Amino acid sequence: MVKLKSNDDKEFEVEEAAVIQSEMIKNMIEDGCATSVIPLPNIDSKTLIKVIEYLNKHINMGKAAETGEEDDLKEFDEQFVNMGWEELFDVIMAANYLNIHELMELCCQSAADRLKNKSVRAVREMLKITNDLTEEEEQEIINDAPWAFEGPEIDDTVN
Amino acid sequence: MSAKVLKRKHFQIENRMEATGIHLPEQIVEEILSRLPLRSLLRFKCVSKIWEALISDPYFHKMMMHQSPDSNSQKLLIRKMFGDTAPSRFKFYSSSLSTFEDVQQLDPPLTHYVGRYHIFSSFDGLVLLAADTQLFLWNPLTRETVLLPYTEYNIIYTSFGLGYDDATDGYKILKLNMRLKHSMEILNLKTGFWREICNHPTAVCPRTGYEMELFPLPSKHIPMEPLVYVHGAFHWIGDLMLWAMKDYGVEESWIVLCTLQFNGLAIAQPRYRFPDRELLLYAPGESPHQFGIPGIVEVENISYDVELISALVKRWRPETHTFYLRIGWEPPLDCFCGIRIILVSKLAAYVKELDDINDDTPEIEVQRRVRLYLLWLCGGTLFSDKFNSKISLDYLIEMQDLNAMSTKAWGTRYMFKYTSCLYRASTSSSNDICGFLVLVQVLWAWKRIIPLQPVPHPLGANHYEALAPLARKWRRGIAHENEARNILFIIRDVLNDLTIEQFIWEPYSEEIRNELPVWCYRGEPIWMARAMRYEIIYRMAQLILRDPRATSEMYEFASEVAREGGRRRSTRPLMSTYCGTGSLHDHVEG
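Protein sequences appear in the order of chains D and V. Anchor point for the first sequence: position 11 equals 11 in UniProt numbering, and the numbering is continuous, going up by one each time. Anchor point for the second sequence: position 104 equals 104 in UniProt numbering, and the numbering is continuous, going up by one each time.
To be clear, the hints were calculated from the coordinates, so they are not data collected in a lab. As the structure is a computational prediction, the values presented were derived from the model and not from experiment. Don't take every hint at face value.
Now the in silico label distances, taken between C-beta atoms and shown as ranges [as the list claims (entries may be wrong)]:
no., chain 1, residue 1, chain 2, residue 2, range
1, D, Trp85, V, Phe193, 43 to 53 Å
2, V, Thr191, D, Glu138, 29 to 39 Å
3, V, Thr111, D, Asp155, 27 to 37 Å
4, V, Phe193, D, Asp31, 47 to 57 Å
5, V, Pro25, D, Glu153, 24 to 34 Å
Over the 10 Å line for every Cβ pair with chain D, so calculated as not near, a few chain V residues [to be verified]:
no., residue
6, Pro37
7, Val455
8, Ile487
We treat Cβ as the ideally placed atom computed from N, Cα and C, and that holds for glycine.
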């Protein structure tokens with residue numbers, strides 16, 4: 001068992017088999033630096049719970065393929081990424097910090113899928129980005145590839 | 001992710017997503033953006049300055065490019081020709097490689113009128129195209145085009161390949177010229193200059209044991225096809241072996257990937273190599289082009305000038321199989337390369353039906369129409385006789401196997417028929433002449449004798465006729481003002497008083513010959529061969545030997561030729577194999 005500590009001082013016990021999916025922690029264990037609690041100053045407990053949930057579910061990745069639980073895992077992944085933008089970005093940041101490749105992949109793809117067909121306005125609103133381009137600059141970009149800005153699939157909603 | 005070493009300049013812009021407490025390093029924004037399709041990316045440049053900078057960064061482009069392509073993103077580019085539609089007769093489509101349902105029409109690469117697009121090669125989503133004579137690169141996804149430095153080329157003899165050289169980290173274009181002197185040139189897109197490369201690949205021919213130079217499709221019988229660049233090498237099919245050039249200019253790097261087995265498939269071109277080592281080949285179906293007759297279709301119908309033909313027949317010398325004019329004999333037979341494209345057809349109706357054939361037409365229907373067309377063509381036009389255009393059994397036998405038929409030299413064969421028709425008309429008391437006389441009128445008289453030449457209307461602004469038969473210019477409309485026609489004695493006077501300036505010895509200039517499509521050259525070795533001229537000289541010799549007026553000098557020469565002839569008879573079977581059944585000699589004998 002490995003103990004992880006979030007930035008709000010909560011400790012979590014995770015099976016070693018699960019936690020070594022994180023390259024960072026795997027390296028720490030191999031280097032013998034993981035004898036006591038591993039502090040994770042970048043991750044809050046809410047996010048860490050999510051990550052541990054993912055790690056525990058994916059602990060038997062190899063086995064799942066053999067036992068036909070792949071669909072089950074897929075369903076879990078779909079459910080897992082069903083969260084708000086802020087939460088999703090927190091998980092991405094955690095996955096990046098802990099270097100969990102599969103989780104990073106899953107969340108980034110989910111983010112990309114959500115953005116894919118959105119209009120510029122919708123993206124700005126969803127991600128709360130302030131537009132710092134001038135109107136001329138914006139028009140120039142549109143003129144470069146007007147076809148990218150028109151089409152029935154472009155979605156202006158923000159959900 | 002963090003294991004990746006990211007060598008790149010860092011943006012000066014403070015990189016924060018505003019106001020929410022969501023702080024995403026650019027690295028992660030990039031990670032998300034790299035999973036988006038191009039269309040979304042171009043749109044999202046508008047989101048903010050940071051996003052615009054990220055998406056426009058060359059490093060980002062490279063990262064996108066080197067992501068492993070999944071089979072869904074691979075597309076097949078299709079070029080299709082239509083009737084007259086603006087701005088070009090050509091339309092482009094992209095199709096998924098896995099299914100045939102997902103076909104989308106693309107915007108044309110250029111907005112102005114283009115007579116003919118030719119796809120040479122594609123790599124990395126870029127397409128190397130020619131619009132008439134201008135080479136350019138096209139990215140169908142971003143709809144961007146870049147014109148390339150000018151280089152002289154000819155679609156029939158030149159092939160271009162587009163590839164990426166890891167060593168210099170840039171795109172390069174390989175140009176192969178198969179005409180006259182084989183040459184290879186490379187255009188480095190970074191420098192923008194063409195450079196000739198000298199070392200050619202060679203391999204030992206398995207049959208003869210000789211070392212031979214390797215070029216894509218080293219045969220005139222198959223049109224030049226695009227070089228395909230995959231797995232870091234150029235690929236092509238030559239002599240039914242798939243070759244790959246592993247490395248530019250390194251001789252040892254040419255390897256045979258596999259030998260292909262075809263069943264009656266004359267032309268197959270590699271189009272794509274799947275990661276699982278399957279090959280996508282393109283094999284065009286049977287079409288009039290494969291029989292070397294599209295020229296007939298294109299020239300269509302030109303009305304006969306009976307008087308002109310009569311006057312010419314009068315000047316036909318059966319001894320030499322040539323027309324006799326005051327300025328000399330008809331030029332030798334090497335002007336015959338036009339034979340395949342000069343021929344004319346009245347077959348508009350049938351041709352229209354041929355046009356209706358598309359990819360969905362059942363094979364049996366295609367065959368039926370092509371055969372019907374060929375029947376008309378051979379029986380009614382090319383090999384007509386004076387007995388109600390019944391078709392000779394010889395030709396019917398030839399038509400049993402259309403593939404075999406397309407390999408015969410019909411142009412050469414027709415020339416024998418043509419000379420024999422003129423022979424009969426000029427020697428016997430016959431008042432009729434049969435055969436395909438447009439050849440006499442257009443190929444011979446109009447093209448060569450200036451006082452008999454009508455003036456074709458000039459080409460319209462948007463017309464393009466480079467690959468059309470030479471005689472087609474008279475289909476545009478004719479101004480009959482300056483030439484002699486329709487009145488026998490005037491035409492005879494013209495022929496009698498012909499001066500050397502009024503005669504065009506070589507209507508097919510080198511320039512025009514270079515423009516001719518490949519099928520015009522099929523059989524060229526045959527009609528260019530000495531064997532055929534020799535037939536004529538041999539016949540002349542026989543006549544001289546029988547002629548009591550021959551001088552002793554002439555007699556000596558003739559008997560030498562005749563003796564030579566006895567030894568060279570063995571050339572005949574060779575010619576017969578090219579010309580089909582053994583009827584060749586009968587035609588010569590007339």
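We went through each hint and held it up to the structure:
no. : hint                               : verdict
1   : D/Trp85 with V/Phe193: 43 to 53 Å  : holds, 51 Å
2   : V/Thr191 with D/Glu138: 29 to 39 Å : holds, 36 Å
3   : V/Thr111 with D/Asp155: 27 to 37 Å : holds, 30 Å
4   : V/Phe193 with D/Asp31: 47 to 57 Å  : holds, 54 Å
5   : V/Pro25 with D/Glu153: 24 to 34 Å  : holds, 30 Å
6   : Pro37                              : violated, 7 Å
7   : Val455                             : holds, 48 Å
8   : Ile487                             : holds, 64 Å
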